[in-house]
Amino acid sequence: MEIAHIIDGSFEGLLTSVFEAYSSRRFPAGICADDGYQLDFGQEQVHIRTDGAKASRVMAGILRKMGAAVYEQAWTAFLSNDATRHIKILRYLALGFQVGRALPDMLAEPAVMDVLELARPVARECNKLLGFVRFSIMENGAQFSEIAPEHNQLPLLMPHFADRLPDVPFVLHDSRRKLAGLHGAGQWRIVVADGLRLPGYSDDELEWRKMWKRYFDALAIEERKNARLQMSLMPKRYWRGLTEMQPAAVGAGCRAALPPESAKLAILQDPPAISL
Amino acid sequence: MAADLMERLGILTGAAKYDVACTSSGASRPGAKGSIGSASAGGICHSFAADGRCISLLKILMTNHCVYDCKYCANRRSSDIPRASLSPDELAELTMGFYRRNYIEGLFLSSGIEKSPDSTMERMIGALELLRRRDRFRGYIHAKAIPGCSEGLVTRLGLLADRLSVNIELPSEKSLKLLAPNKGRDAVIRPMRHIRERIAQSGSELAVFRHAPAFAPAGQSTQMIIGATPDSDFQILRLSESLYRKFKLKRVFYSAYIPIGSHAMLPLGQPPLLREHRLYQSDWLIRFYGFSASELLSEENSNLNLRLDPKCNWAVNNLGLFPIEVNRADYELLLRVPGIGVTSARRIVRARRASVLGFQDLKKMGVAMKRAVYFITCAGQYWRGIRFDEKNICSNLLAGLPQHPDGLPEALGYEQLSLFPGGPPGDGRLDSAGARGAFGALGLGLPDSAAGAQGALAMPGAQAALGAQTALPALSAPGTFATPGALPAPGAQAALAARIEPRASGAILRIAATAAPPN
Ligand code: SF4
Chain A
239 MEIAHIIDGS
249 FEGLLTSVFE
259 AYSSRRFPAG
269 ICADDGYQLD
279 FGQEQVHIRT
289 DGAKASRVMA
299 GILRKMGAAV
309 YEQAWTAFLS
319 NDATRHIKIL
329 RYLALGFQVG
339 RALPDMLAEP
349 AVMDVLELAR
359 PVARECNKLL
369 GFVRFSIMEN
379 GAQFSEIAPE
389 HNQLPLLMPH
399 FADRLPDVPF
409 VLHDSRRKLA
419 GLHGAGQWRI
429 VVADGLRLPG
439 YSDDELEWRK
449 MWKRYFDALA
459 IEERKNARLQ
469 MSLMPKRYWR
479 GLTEMQPAAV
489 GAGCRAALPP
499 ESAKLAILQD
509 PPAISL
Chain B
49 MAADLMERLG
59 ILTGAAKYDV
69 ACTSSGASRP
79 GAKGSIGSAS
89 AGGICHSFAA
99 DGRCISLLKI
109 LMTNHCVYDC
119 KYCANRRSSD
129 IPRASLSPDE
139 LAELTMGFYR
149 RNYIEGLFLS
159 SGIEKSPDST
169 MERMIGALEL
179 LRRRDRFRGY
189 IHAKAIPGCS
199 EGLVTRLGLL
209 ADRLSVNIEL
219 PSEKSLKLLA
229 PNKGRDAVIR
239 PMRHIRERIA
249 QSGSELAVFR
259 HAPAFAPAGQ
269 STQMIIGATP
279 DSDFQILRLS
289 ESLYRKFKLK
299 RVFYSAYIPI
309 GSHAMLPLGQ
319 PPLLREHRLY
329 QSDWLIRFYG
339 FSASELLSEE
349 NSNLNLRLDP
359 KCNWAVNNLG
369 LFPIEVNRAD
379 YELLLRVPGI
389 GVTSARRIVR
399 ARRASVLGFQ
409 DLKKMGVAMK
419 RAVYFITCAG
429 QYWRGIRFDE
439 KNICSNLLAG
449 LPQHPDGLPE
459 ALGYEQLSLF
469 PGGPPGDGRL
479 DSAGARGAFG
489 ALGLGLPDSA
499 AGAQGALAMP
509 GAQAALGAQT
519 ALPALSAPGT
529 FATPGALPAP
539 GAQAALAARI
549 EPRASGAILR
559 IAATAAPPN
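Keeping their order, the protein sequence lines are chains A and B.
Start counting the first sequence at 239; every next residue gets the next number (our numbering).
Start counting the second sequence at 49; every next residue gets the next number (our numbering).
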């Protein structure tokens, strides 16, 4: 009978699943995390208890036998929202334990291509967001931004902004996953954030948005207008967070004109709320 | 903020927008405690304007007053437009305000010539000094060296900026004389040469003294206006080629001339966008694909084919070299096949070590089959039904390329080509700051500060400790993070993913070296 692993959804859980597959000599036909992979009827379910020590042995094996690029590739693929990512990563790593460092070159292998195709959109979205994140400065000096990415981007974005704004306390809120990246005092981490209580915006925050919009509009060259090109490089799904893409009337000075996230977040329930 | 700042921002942005350089690439600099900002080697686009161009920097003039009268320029003395200036203080404030909100990667500062080239440069240097010294800004700065200014000032500017540029604007001396009577070739070439020498010198100093201040670490670039004068594409590309080879320029930008006001000596009508696009494609071939200008064009055939991209055009004119066998051909030759780019050529070279490649494999590796099939064989086989003759190939290639209503080939934004201007496009691996961090950490041990802390926390097994250990970062600022209790439990596992993030693999690698592999 085929088996399916049930893991807790963490990367360590996935690596533990790899460990168990080898030590039990039974490879799962599917891996199910709490976020949606449908079990086939008739698969035996094996619950995997995440084990840091086992995960770390697998990681050591990956780094030694296949190199850091493979580890990074698996990690990036893991951040994808594709529900089949776990089993694909397991197959990728299993092939890697056979062939070692040749793994990334074997692009004709479906197991390798699958993971490449998982990782690619994650990296692409990350590149977009590094630019498209828009912070607001709050009345207490901290910064806040909300994103709703397709893939789990906080683990990639947090180190970037923590490095760039080392002395600035900031919160990056992934509203789709209800996660928040918190940064302050040279540290960052990611927590579950079902509710966020936000302080008000700083006095001139709206002024700054207007300045930015003015800049944005003034920069376009009329004779070269190309809405299609603009749209393909900056797809509509990002617009909600981009202050420059809001109609000019927005930001006329009233609170209600602020992007919708503020309204929504300001009235979220109490604990476990994070206040800035 | 001064009341009319918004107005002046509008005027000075409008006056700067015809300078097409907007990349923030070529410099790589991590953040530092006590400072704000970092630079990322590949550059980051923060927005895209209504014309589809990438917005990466606050591109602005200090003033649009100008004593010169260059015919092609909207800010020339004789043109009747609203004028404005910014003080160094206002400029620094704007830059920092935009930067903190992640609107921009940095500043691109240029200026009209208010009194003299030297006094203009002094003001620009003043603004950059405020940014770098007072505001401790570590983000990207691109500054224009004003033609005709003294070398000492260029040197000071280069120690503050990541990239310097002097715009050639017109590709021949004759055109320059005609349209930019106050400048002349020398006023442009002299500072370019000086910058080149200083960059070379700084490079060798850095090799000896690690802390020698870097001079324009992202190199220098220039811009040429296309279509304002009768200069041919061959002239333009030959000039670019020598700028890359002799002056070691990082980029040459091409800007389709847009009639600004009217002048008897200048053309009217639509900007030649397609020609500009073809020049960017050719420029790309020269920089990354090993082509030379004289392979693409000649004295007799001196303008680019607007209907066919320059690589297809070259291949069709050199059919004798094709078809090539993808499982054997050198990397250099693969690069010359239309439809195969740097990324896919690299993938092919890697993948064919492991197995013989067929057409299906190529497709998966990102080869544009529509174009490539006419020029390759896989294991000795042609793509089914290919007829190998020039006329047939040519018409098929043209039919296969979607055309934009106004003649522009679909989707291919000229600025897209500049997304990886510092080097050839990556090979499809993650190209984010996070991933680069991983390599930094692996090669050099963990960087200090935040990364170090993360690295320690990142050890698997340490996670139980994490919740207890990081009572959330206590802040000195008025904003203090309140701890939302210990780390959230199982439902929150996705969040825990952060714990084995690749940045930390340096630490992990070290502890892991002693652990046994899984079976
Ligand atoms: S010197 Fe510069 S700003 Fe002045 S007219 Fe010439 S191009 Fe324009």
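It is worth saying that the hints were derived from the structure and are not from the lab.
As the structure is a computational prediction, the values presented were derived from the model and not from experiment.
Any given hint could turn out to be false.
Claimed, not checked - Listed below are several chain B residues computed to face chain A (Cβ distance under 7 Å; list not exhaustive): (1) M54; (2) R56; (3) T61; (4) G62; (5) A89; (6) D99; (7) S167; (8) D409; (9) K411.
Where a beta carbon is used, it is the ideal one built from N, C-alpha and C, also for glycine.
Hint check results:
no. : hint : result
1   : M54  : 6 Å, holds
2   : R56  : 10 Å, violated
3   : T61  : 4 Å, holds
4   : G62  : 5 Å, holds
5   : A89  : 13 Å, violated
6   : D99  : 4 Å, holds
7   : S167 : 26 Å, violated
8   : D409 : 5 Å, holds
9   : K411 : 11 Å, violated
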